[in-house]
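Asker: Sequence:
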Amino acid sequence: MLAPVLTGKWPAVRAAVENVGDQFADLLLSVPPGAMATADWTVADTAAHVVGISGKYAAMLRSPAGPGFDPEFTAVLDATTVDTVVDFNEVLLTHVAERDPRALAGRLRDDIAEMLRVSDAMDPGEPIDWLGASRVPAAGLLAHLVNELQIHGRDIARATGARWPVSRADAALFFELFLLGVTTYGYGRLLDRDGPERAGRIAVEFRSRHTAPAAMILTDGFVTAERPPGRDIDVRLFFDPVVLNLMLFGRLSRVRAALTGGLTVRGGRRPWLLPAFMSKVRLPS
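Per my numbering, the very first residue in the sequence shown carries number 531; after that it's consecutive.
Be aware that one or more of the hints could be misleading.
Simulated pairs of lysine to aspartate or glutamate, DMTMM-like, Cα-Cα distance not exceeding 25 angstroms [unchecked claim]:
1. K810 x D617
2. K810 x D722
3. K810 x D724
4. K810 x D659
5. K810 x E727
6. K810 x D750
7. K810 x E756
8. K810 x D613
9. K810 x D762
The calculated label-pair distances, taken between Cβ atoms and stated as ranges, are [said to hold, decoys possible]:
10. T790 x R629: 24 to 30 angstroms
11. T794 x N619: 18 to 24 angstroms
12. V785 x D724: 41 to 47 angstroms
In case anyone wonders, no lab produced these hints; they're calculated from the structure.
Here the structure is a predicted model, which means the values were calculated and not measured.
The beta carbon of each residue, even a glycine, is placed where N, CA and C say it ideally should be.
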């Protein structure tokens, strides 16, 4: 059952998005904006990307049934899959011309304040239209922004030598509220790809010290979520939420994640099926 988790974690995800948002904004004021945070983006570009997301999310929460974006942006939003997120990101960046760190930090704080204001009396399970004709609960939308802040804050900190502490409890919100949320509410065309789908069923149980046990099940190419997990589990996966998120977004290889102990397989009927599962249940890297 997802609803009790959404309600129970609502105060935590609201506090996390505010706290990590402040941490990210402070980081922007302490590092050189022209430094390369990734192979393609400077610190200022990375900040603009995050502010593009926070601005759009504030609009989505103001109007969950349709925020009234311009037709070009809406078309790209609806057509996006995991494998074409890079194209979506380029369009998103064109909506944020600002590159001054102080201005971007101020916009981020304002966007998050607006998100918290408009969602104050909102049901955390309120469906929000998202990428690729998917839907996420309001709590999942906030959790996704927390993860964006954590991932891109790490990119900036690693490139500039700044300090960037990450809370495991905050990182766990991405799995519990967003990943399980979008799977339950409907992931639309996000996981679409060319070629035939794998036939059969693969059930992966996810456990960590910061989340309730849950399973994600791939059946003939279609993914569902199950909480609590059933008995027919193929892979039992224990994870550190920070490591899992870094691996899912290509900041850490699967081998490195396993070697650090942050991702371990501890049984199941057919643990060798994990790579086949992960080739379908993937995120942009």
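Asker: Is the hinted pair K810 and D762 satisfied, with a Cα-Cα distance of at most 25 angstroms?
Answerer: Holds. K810 to D762 sits at ~20 angstroms (cutoff 25 angstroms).
Asker: Mind checking the alpha carbons of K810 and D750 for me, to see if they're no more than 25 angstroms apart?
Answerer: Given pair K810, D750 holds - Cα atoms ~11 angstroms apart, limit 25 angstroms.
Asker: Would you mind confirming whether the straight-line C-alpha gap from K810 to E756 stays at or under 25 angstroms?
Answerer: holds, 17 angstroms
Asker: What's the verdict on K810 and E727, does the C-alpha distance respect the 25 angstroms limit or exceed it?
Answerer: holds, 9 angstroms
Asker: Looking only at beta-carbon atoms, does the pair T790, R629 fall within the given range of 24 to 30 angstroms?
Answerer: violated, 35 angstroms
Asker: Given the hint that K810 pairs with D617, test it: the Cα-Cα distance must not exceed 25 angstroms.
Answerer: Holds, because 20 angstroms separates the two Cα atoms, which is no more than 25 angstroms.
Asker: Measure nothing beyond the straight line between the CA atoms of K810 and D613; if it is 25 angstroms or shorter, mark the hint as holding.
Answerer: holds, 11 angstroms
Asker: Do the alpha carbons of K810 and D722 lie within 25 angstroms of each other, as the hint requires?
Answerer: holds, 9 angstroms
Asker: Please work out if K810 and D724 have their alpha carbons no farther apart than 25 angstroms.
Answerer: With Cα atoms ~11 angstroms apart, K810 and D724 stay inside 25 angstroms; holds.
Asker: Is 18 to 24 angstroms right for how far apart the beta carbons of T794 and N619 are?
Answerer: Roughly 32 angstroms apart at Cβ, these two residues miss the hinted range, so it is violated.
Asker: That 41 to 47 angstroms hint for V785 and D724 (C-beta), does it hold up?
Answerer: Violated - the Cβ-Cβ distance for V785 and D724, about 27 angstroms, lies outside 41 to 47 angstroms.
Asker: What's the verdict on K810 and D659, does the C-alpha distance respect the 25 angstroms limit or exceed it?
Answerer: holds, 22 angstroms
Checked against the numbered hints listed earlier, the structure breaks hints 10, 11, 12; every other hint is satisfied.
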